[in-house]
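2 protein chains.
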Amino acid sequence: MKVVIIGAGNVATHIAKALKAVNVQISQVWSYHYENALLLANEINAIAVKDLAELDNDADIYLISVKDDAIAELVKHLSLCKGIIVHTSGSVNIDVFVDLTAYGVFYPLQTFSKNKEVDFSNIPLCLEANDGKTLAILKDVASRLSNNVLEVSSEKRKILHLAAVFACNFTNHLYAMADEILKANELAFDIIRPLIAETANKVQNALPAEVQTGPAIREDKETIEKHEELLKNQPELLEIYKTLSESIKKTR
Amino acid sequence: MKVVIIGAGNVATHIAKALKAVNVQISQVWSYHYENALLLANEINAIAVKDLAELDNDADIYLISVKDDAIAELVKHLSLCKGIIVHTSGSVNIDVFVDLTAYGVFYPLQTFSKNKEVDFSNIPLCLEANDGKTLAILKDVASRLSNNVLEVSSEKRKILHLAAVFACNFTNHLYAMADEILKANELAFDIIRPLIAETANKVQNALPAEVQTGPAIREDKETIEKHEELLKNQPELLEIYKTLSESIKKTR
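Line order of the protein sequences matches chains A and B. The opening position of the first sequence corresponds to residue 14 in the working numbering, with each subsequent residue numbered one higher. The opening position of the second sequence corresponds to residue 14 in the working numbering, with each subsequent residue numbered one higher.
Misleading hints may appear alongside valid ones.
[Said to hold, decoys possible] Cβ-to-Cβ under 8 Å is the rule here; a few derived chain A residues that face chain B:
| hint | residue |
| --- | --- |
| 1 | Ala177 |
| 2 | Val178 |
| 3 | Ala189 |
| 4 | Ala191 |
| 5 | Ile194 |
| 6 | Asn198 |
| 7 | Ala201 |
| 8 | Ile209 |
| 9 | Pro221 |
| 10 | Gly227 |
| 11 | Ala229 |
| 12 | His240 |
| 13 | Asn246 |
| 14 | Gln247 |
| 15 | Leu251 |
| 16 | Ser260 |
No lab work stands behind these hints: they were computed from the structure. The structure presented is a predicted model; accordingly, all values stated were derived computationally and were not measured. Just so you know, even glycine gets a beta-carbon here, dropped at the ideal spot from N, CA and C.
When you get a sec, could you build the whole thing from the sequences and use the hints?
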């Protein structure tokens, strides 16, 4: 099994390292920024490639992990590659590869950041392929990384990605807003870290609607008014406070 | 040390059990709903009390954990009690007790739900008291429960509570919206649980603004448009999607 990594961002880096850790050989790394390809290649004992024309044509899998809107253009440069070509995007349809012979999607439903190790063993790896044989090969590789391998259509994958934006990206932004409120009052983010951990922990064994707490779900008008008063000079935070409180009230 | 618990909701229950676990004696439990007082009293080997007039007058601490707007009224019935009277609210000023001789606040900055055990040892316990002697007694009790005992003024506590609404209550509501999106498309909430856990985990050692990911922070217009299209029949989710995406973009 020989894999070529196309891209050297957070997702490419984490997948490449995880593959290397289970002894899958990564032969080459290409990136728009050669220095990034060099950095990643160096970490996983692969060769950094400057020009797409230099790519091995006989790798088993070409894993494209670049910005969504760059995938279609990249595909044009891979016509000589004989292996399976996959991307790792949550929202790009598998049709982007329609002119190829063996292709698929290898979407890890997880958030990746630089310098933050991630345990791959329970990451949902959402796979899609153009035929059964290709899917079997992708399943084989994915199951070396994770116990949570799923077959997911392009349509369902888009939904997963959208739900992930709410559950992860928006959630992290709310953490950032909490930090903004604390900082403005000389309080450290440290104080709410246990709360953040427990909030995520609670829904590991319950549905979020069952464990909603706070002034909005109690319709505690007095507290809500106090909070709105505290936010009166931060109109953006106030708008978000009102919008989300109203939305919570409707679930009562 | 003898404690009386006034209230039998989530916060009262969790604190009472935690006190019992470190061998602090709970003598009585009172609640607006006698059956709730009975249930809690039974769990912690205390006596349920029907009428406030039956309360021990010689307990060391009276811990009031009821709805915010009920605290002031309750205080009127505690004039014969000789111990320290505290409430557990994030947003009620310590002044609510101004006519008493020994009083304070015992605010656990955590989210509590029925049937979900919580590890008290790292919960920030935010204390406030009318004098040094009272504070020392509260600190003594709090430090038996947690390694994270803080002295916090009423003003700062209100800010903490507001930040907690963003970091916990709103975050949980975003999880619920993610679940709504998944359910509408016959996908299980299970699939995004690892993502939720990792999102909270990432900010335990980083600031949220440093680890923001997703289409809005990348200004990935194409993906944002796809998501808005997917939400076109769910106007409330669409509004929240737009509001939070715009807010994230401004942090670039």
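Hints and how they fare:
The interface hint given for Ala177 (chain A) holds, since its Cβ lies 6 Å from the closest Cβ of chain B, which is under the 8 Å cut-off. Annotation: interface hint on Val178 (chain A) holds; nearest CB of chain B at approximately 6 Å, less than 8 Å. For Ala189 (chain A), the suggested interface contact is upheld, since its CB lies about 4 Å from the closest CB of chain B, less than 8 Å. Because the beta carbon of Ala191 (chain A) sits about 4 Å from the nearest beta carbon in chain B, less than 8 Å, this interface hint is met.
For Ile194 (chain A), the interface hint holds, since its Cβ comes within 8 Å of a Cβ in chain B; the closest pair sits about 5 Å apart. With 8 Å as the threshold, the beta carbon of Asn198 (chain A) comes within range of chain B, its nearest partner Cβ sitting at about 4 Å, so the hint holds. At about 10 Å, the closest approach between the beta carbon of Ala201 (chain A) and any beta carbon in chain B exceeds 8 Å, and the interface hint on this residue is violated. The closest approach between the C-beta of Ile209 (chain A) and any C-beta of chain B is roughly 5 Å, which is under the 8 Å cut-off, so the hint is satisfied.
For Pro221 (chain A), the interface hint holds, the least distance from its beta-carbon to any beta-carbon of chain B being 4 Å, beneath 8 Å. Contact between Gly227 (chain A) and chain B, as hinted, is supported at the beta carbon level, the nearest pair being about 3 Å apart and thus within 8 Å. The beta carbon of Ala229 (chain A) comes within 7 Å of a beta carbon in chain B, closer than 8 Å, and the hint placing it at the interface holds. Restraint check, His240 (chain A) versus chain B: the minimum CB separation of about 5 Å is within 8 Å; hint holds.
Below 8 Å, beta-carbon pairs count as interface contacts, and Asn246 (chain A) has none with chain B, the closest being about 13 Å; its hint is therefore violated. Because the closest C-beta pair between Gln247 (chain A) and chain B is about 10 Å apart, greater than 8 Å, the hint is violated. Residue-level restraint check for Leu251 (chain A) is violated (minimum Cβ-Cβ distance to chain B is 11 Å; threshold 8 Å). Interface hint at Ser260 (chain A): satisfied, since its Cβ lies 6 Å from the closest Cβ of chain B, which is below the 8 Å cut-off.
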